[in-house]
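Participant: Residue numbers (full-length UniProt numbering), protein chains in the order written: chain E, 1 to 404; chain Y, 1 to 457.
FYI, nobody ran anything at the bench for these hints, they're computed from the structure. Don't be surprised by glycine CBs; every beta carbon is placed ideally from N, CA and C. Certain hints may be false.
To be verified - One-sided and incomplete, this derived list gives chain E residues near chain Y with beta-carbon spacing under 10 Å: (1) Arg-82; (2) Gly-84; (3) Thr-85; (4) Ser-102; (5) Thr-104; (6) Thr-124; (7) Arg-134; (8) Leu-144; (9) Ala-190; (10) Ile-217; (11) Asp-241; (12) Glu-252; (13) Pro-265; (14) Gln-317; (15) Pro-319; (16) Val-323.
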Amino acid sequence: MIEVCDVLIIGAGPAGLAAAARLKQLGAGRVIVVERETAAGGVPRHCRHSPFGMREFRRVLGGPAYARALAERATNMGAEIRLGTTVVGIERNGDLAVALTSDTGVRRLKPKRILLATGTREKTRAARFLTGDRPLGILNTGALQSYAEKGLAPFRRPLILGSELVALSSLLTCRGLGARPVMMIEERPAPLARASFMFLPRLLGVPVRCGVRIADIHGQKRVEGVRLVLADGSEMDLACDGIAISGHFTPEASLARAAGLEIDPGTGGPVIDQFGRTSDARIFAAGNLLHPVETAGWCWAEARRLAGFLAISLSDQLPEGTVASVHPGPGIAYVVPQRLVRGGTGLKQLQLRATEPVRGRLATEDKGKRTLSRRRALFPERRLLLPVPDLTQAGGNIVIGIED
Amino acid sequence: MRVADIAVIGAGAVGCAVARRFALHGASVLVLEKEADLLSGASKANSAILHTGFDAPPGSLELACMQEGYAEYLDIRGQMNLPLLETGAMVIAWTEAELAALGPIADQARANGIGDVRLISPAEIASHEPHLSGRALGALLVPGEHIIDPWSPFLAYLLQAKAHDAEIAFSSEVTGGAFDGEIWTLQTSTGERRAKTVINCAGLYGDAIDKLLLGAADFEIRPRKGQFVVFDKAAADFLRTIILPVPTERTKGVVLCRTAFGNVLVGPTAEEQKDRVRATTDEASLRELVRRAIDMLPPLKDIGVTAVYAGLRPATEEKHYRIAAKPERQWITVGGIRSTGMTAALGIARHVYRMYDSSAAPPLPEQHLPLMPNLAEHLPRDWSQAGYGEMVCHCELVTRREIEAALSGPLPARDFGGLRRRTRCAMGRCQGFGCHARIAELTRGYFETPLTIDPVA
Ligand SMILES: Cc1cc2nc3c(=O)[nH]c(=O)nc-3n(C[C@H](O)[C@H](O)[C@H](O)COP(=O)(O)OP(=O)(O)OC[C@H]3O[C@@H](n4cnc5c(N)ncnc54)[C@H](O)[C@@H]3O)c2cc1C
Ligand SMILES: Cc1cc2nc3c(=O)[nH]c(=O)nc-3n(C[C@H](O)[C@H](O)[C@H](O)COP(=O)(O)OP(=O)(O)OC[C@H]3O[C@@H](n4cnc5c(N)ncnc54)[C@H](O)[C@@H]3O)c2cc1C
């Protein structure tokens, strides 16, 4: 007997759990959330420091408490959460089906709809092509956070690579472990986090240097040091016993890709329309799988909204047919959603990211007609919102880029 | 103190195969390895191609060892559950000059006994590999070139040696020694050891060991680095065959192929260097490899990079294997096993055994056969069987049961690299983003160099 359900949610992070609670609230029937980890909550489970939960619970919570609260709410609403269960494949020929593995073996399950909420991770040392040896002690912030959550330390005197919010999280995590970062470096000429956040390294006595690259990593067993190329081209050797690599997010889209869903080269996640539908209208996607990276609160709110559309789709009431596709132009890394369908409501805003910090005019081009919006300052790791264009005519190829 | 019949210096691909062969003949074997685990030298990072020897120098010892090694691998792999990914290879001509070179390569292959090679047209290339760049002018199809798991076989060989009473001493660097006319006394970092015959399988240190213990070496190791880029498993949909370039005098060139673990890799580079320790990767070379890979297989442009690595070939000033016996010193050197040693290891081991015992006494009738856990993507993995406990590494689907098995048994993993090679944990697309900390927790107390350090007080 193959198990069936109305909605299968893959991933119990803030997005998956928000959608589960909302779907149950809307009476979507049987909702199952599967999570490969042995606990629900996604990334925030390991973030002990940040403020979470204002939007969701009107309280300031730590990451683990926030994760528990999200899981509790979903369970209380009647969603089933299955932990230690990994989705290893999605079948789309004929009825939707997924293959699941857990300690009890491999099973299949047939849902009417799937919501992918598999989140994001940081680009690895390998994917960033860092030069040098490959000893122990080179980790992404996500791994560092899980070390900290377990009370384990991978290093004592690391170098922090990156300067967006997650790099700052790395600093705080180190502090919690009694580790003292030797320096924070950023390849770009200026930090990516807002200036007001950059008091933190100063407060912790960690020097920040921008325009700096790693030219070499030394150490056979553990990291022993790095060679840096400074902004003026000079080189410097720095002793350290680890490197915390942050940022450069990439969606956890392997499942979506293996299922043959259309992938957006800009985000690295599945292409969606303004209702959150992927290239298979029975499969939706939400959370940081769509846009690396947004905060937990954003993912939560967006997933709630998309869950509403998914609920409507269960009774086949969402509009069909692509009217326009949206593409990133010069200076823009990605735009989500990438496809727009005429009619209905859907997400009201497009989300954009710049490739480099720039100040310029955002220009939208649609079938040769161009509309210029006002001057904006854009930063790579910060969200920019634009209203979804009013689609009155059929067809269209909207390009959004930056001018001068 | 026990006097072993044979001391093998080095637990690389060659040392493991040699230890097995001697143990199977009933010799008492001692393996001395300076690192914490096997395959920590040249052998940890290669292309993992089981070569037919089609382009090897005709009549060479290298060719003979490769063919004998290839045959024995096919012979024993079933008994030990070792994988074979049957891909075949195409030597692709991208230029007119290369196209002209294919004929002679085909002749050489046939002379080397590889009778099933044939020249194919661009149309046939496209029918084998529809995603390959259309610029290929022709190719030599070599159906017998295949892919294996580059680590499990050698662990299997060492396990088998151990089951036949071989003693394996890790973290035991040979630092000196003397021969008294009958017995070798070797100084190691874990104490003195004695053996009647020494077999030097020290890879990148082959010349150094000969110098240290014999006073001179007949060759000089000139490390040649090879860097690789491994693409995400999504890439495997676009490639079946091993894509080889037309080889040059110096190198077999940059290869594009699948791995037994379901990825696609491109590499290696060929870079001469003095250093025998550092096998660094560098951004410029890696980007160049990616560029070349995309040039050959355009769909790779949208596929992420999973891993990068580099290995050092124990090359010497001459191309051929440097295998020599010094019977008066009860010594055999197996040096300069440059770029085909993974394929040839079993053949080299047989050759060395024949040098040692010209009567070639038959192996023991009863053989212990270790059964290896499968890590290859095209065969069932542990996660498909219930009762695995917990999924530890999500990218490579490595279970707690697999990790625990690798940490126990006769040859447990003794460092993180060893655990990765035994299970694939943290070798996938997230490189430990999700599982590193859990692995640190599960391996506490097991490794010489642990993943964690003591927190600052
Ligand atoms: C290192 C790091 C630090 C961050 N710090 C902060 C912070 O301090 N504050 C903040 O607001 N945001 C932070 N973020 C952003 C964070 O991604 C979001 O807060 C939020 O977790 C996104 O929610 P999500 O549900 O989209 O994804 P996730 O929280 O990543 O959840 C995805 C879930 O899907 C599961 N999953 C994936 N594939 C499968 C499968 N095949 N089968 C079963 N389950 C699967 C995963 O195990 C995971 O639990 C951080 C992100 C990273 C990477
Ligand atoms: C880039 C690259 C690609 C390759 N591709 C292929 C391929 O596709 N197919 C193929 O068949 N082959 C391939 N090879 C070749 C193959 O990997 C080598 O031929 C083989 O690994 C050599 O093994 P080895 O045992 O001689 O050396 P090693 O693996 O270096 O083993 C020597 C061992 O001796 C130990 N040692 C050294 N000094 C001492 C000491 N003083 N005391 C104790 N122990 C000591 C070392 O720690 C080491 O473990 C490739 C090699 C490289 C580098």
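Participant: Identify whether the interface hint at E:Gln-317 stands, where standing means a beta carbon of chain Y within less than 10 Å of its own.
Facilitator: violated, 34 Å
Participant: Under 10 Å, Cβ to Cβ, is where E:Leu-144 needs to be relative to chain Y, so tell me if that hint holds or is violated.
Facilitator: holds, 8 Å
Participant: Hint validation: E:Ala-190 versus chain Y, beta carbon distance must be below 10 Å. Holds or violated?
Facilitator: Since the shortest Cβ distance to chain Y is 22 Å, the answer is violated.
Participant: Let me know if the C-beta of E:Thr-124 comes in closer than 10 Å to any C-beta of chain Y, holds or violated.
Facilitator: At about 4 Å, which falls below the 10 Å cut-off, the nearest Cβ of chain Y leaves the hint on E:Thr-124 intact, so it holds.
Participant: Would the hint on E:Pro-265 be counted as holding, given a Cβ-Cβ threshold of 10 Å to chain Y?
Facilitator: OK, holds: E:Pro-265 within 10 Å of chain Y, min 6 Å.
Participant: Can the hint on E:Ser-102 be confirmed by a CB-to-CB distance to chain Y that is less than 10 Å?
Facilitator: Since the shortest Cβ distance to chain Y is 8 Å, the answer is holds.
Participant: Can the hint on E:Arg-134 be confirmed by a CB-to-CB distance to chain Y that is less than 10 Å?
Facilitator: holds, 7 Å
Participant: Taking the closest Cβ pair, is E:Asp-241 under 10 Å from chain Y?
Facilitator: holds, 8 Å
Participant: If you take the shortest Cβ to Cβ gap from E:Thr-85 to chain Y, is it below 10 Å?
Facilitator: holds, 9 Å
Participant: Under the criterion of a CB-CB separation shorter than 10 Å, is E:Val-323 in contact with chain Y as hinted?
Facilitator: With a minimum Cβ separation of about 25 Å from chain Y (threshold 10 Å), the hint on E:Val-323 is violated.
Participant: With chain Y as the partner, please determine if E:Glu-252 meets the hint condition of a C-beta pair closer than 10 Å.
Facilitator: holds, 8 Å
Participant: Given E:Ile-217 was flagged as interface, is its beta-carbon under 10 Å from a beta-carbon of chain Y?
Facilitator: holds, 8 Å
Going through the hint list in order, the structure does not satisfy hints 1, 9, 14, 15 and 16.
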